[in-house]
Amino acid sequence: MLVGCLACTLPLERLGAGVLASGRRLGLTLLVAGTPFLCWDLYATAAGHWSFDADQTLGVSVAGLPLEEIAFFVVIPLAIVLSYEAVRAVRRGFGR
Amino acid sequence: MTYTQLAAGGVLLAVLTDLFVLRTRLLGRSSFWIAYAIVVFFQLLTNGWLTGREIVRYDGGTILGDSDPQFLGDGRIVYAPVEDLLFGFALALWTLGWWTWLGARQARRARE
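The listed protein sequences correspond, in order, to chains A and B. Residue numbers 3 to 98, in our numbering, belong to the letters of the first sequence in order. Residue numbers 9 to 120, in our numbering, belong to the letters of the second sequence in order.
Hints are computed from structural coordinates only; laboratory data are not their basis. For clarity, every value in this text was computed on a predicted model and none was experimentally measured. For glycine and all other residues, C-beta sits at the position ideal for the given N, C-alpha and C. Some hints here could point you the wrong way.
Just so you have them, the derived chain A footprint on chain B, three or more residues with Cβ under 8 Å [claimed, not checked]: (1) 22-29; (2) 35-45; (3) 72-82; (4) 105-118.
Here are some chain A residues the structure puts well away from chain B; computed CB gaps all over 10 Å [as the list claims (entries may be wrong)]: (5) Glu15; (6) Arg16; (7) Leu17; (8) Val34; (9) Pro38; (10) Ala48; (11) Ala49; (12) Gly50; (13) Gly61; (14) Ser63; (15) Leu69; (16) Ala73; (17) Gly95.
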């Protein structure tokens, strides 16, 4: 699923949005965006708000979270930024 | 705290940050809402798949609905708890707020 999200959003870069090239800006965004939500997830998982089926995940966990769940907080904010910048790039194109 | 309360709090925090802290005012931009509409569509697909297959399970005591997923109803939309929509909105707004703010700051510094 995560691979699918990347497969759908990484090509949006070709619209000229420049997200992947932004380096520090992207790195900081992912760090600041993902960290609080990752902490929320750590808390919620420990408190039992939700749980993960061990049979349907890779089976590797860090601090109680499946590896995929941690990867989620990198992949999804990236997909969100790519989507937003693609929308802006397309709209700029229509404006011309 | 329940997931419901945390999710509502997350949305509130993201909204206040956008409007008053970072002052990015994404909530007033149509590009944000268009992008969010796309994001939420894919969220319903992917999250529906994850929760419908019970790869993720929720404690009924911490969400509005029951712990058994159903397609629509009992606090579920496409199998996922409505709280997940709040979580996703908060994540989108928070992420884009910081992305936008960092870009504006970079641009300001480049002009100096």
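Here is what the structure says about each hint:
Figure legend: the region 22-29 of chain B, annotated as covered by chain A; annotation inconsistent (0 residues with Cβ-Cβ distances under 8 Å, at least 3 required). Coverage of the region 35-45 of chain B by chain A holds in this model, with 4 residues showing a Cβ closer than 8 Å to a Cβ of that chain against a need of three. Remark: the region 72-82 of chain B is not confirmed as covered by chain A, as 0 of its residues place a Cβ nearer than 8 Å to a Cβ of that chain, below the required three. Judged by the Cβ-Cβ criterion of 8 Å, the region 105-118 of chain B is covered by chain A as claimed, because 5 of its residues qualify and three suffice.
No beta-carbon of chain B comes within 10 Å of the beta-carbon of Glu15 of chain A; the shortest separation is about 15 Å. Listed as a non-interface residue, Arg16 of chain A keeps its Cβ farther than 10 Å from every Cβ of chain B; the least gap is roughly 17 Å. With a minimum CB-CB distance of about 13 Å to chain B, Leu17 of chain A clears the 10 Å threshold, and the non-interface call stands. Distance to chain B contradicts Val34 of chain A as a non-interface residue, since its nearest Cβ pair spans about 5 Å, not more than 10 Å.
Distance to chain B contradicts Pro38 of chain A as a non-interface residue, since its nearest Cβ pair spans about 7 Å, not more than 10 Å. Ala48 of chain A, annotated as away from the interface, keeps every beta carbon of chain B farther than 10 Å; the closest lies near 12 Å. For Ala49 of chain A, the condition that its CB be more than 10 Å from all CB atoms of chain B is violated, with the nearest at approximately 8 Å. With a closest Cβ-Cβ approach of about 5 Å to chain B, Gly50 of chain A is found to fall inside the 10 Å limit, against its non-interface label.
Look at Gly61 of chain A: its CB is around 13 Å from the nearest CB on chain B, clear of 10 Å, so calling it non-interface holds up. Listed as outside the interface, Ser63 of chain A is consistent with that label: its C-beta sits roughly 14 Å from the nearest C-beta of chain B, beyond the 10 Å cut-off. With a least CB separation of 13 Å from chain B, Leu69 of chain A remains clear of the 10 Å interface cut-off, as annotated. The beta carbon of Ala73 of chain A sits about 13 Å from the closest Cβ of chain B, which is more than 10 Å, so the claim that it is off the interface holds.
Interface exclusion of Gly95 of chain A from chain B stands, the closest Cβ pair being 13 Å apart, more than 10 Å.
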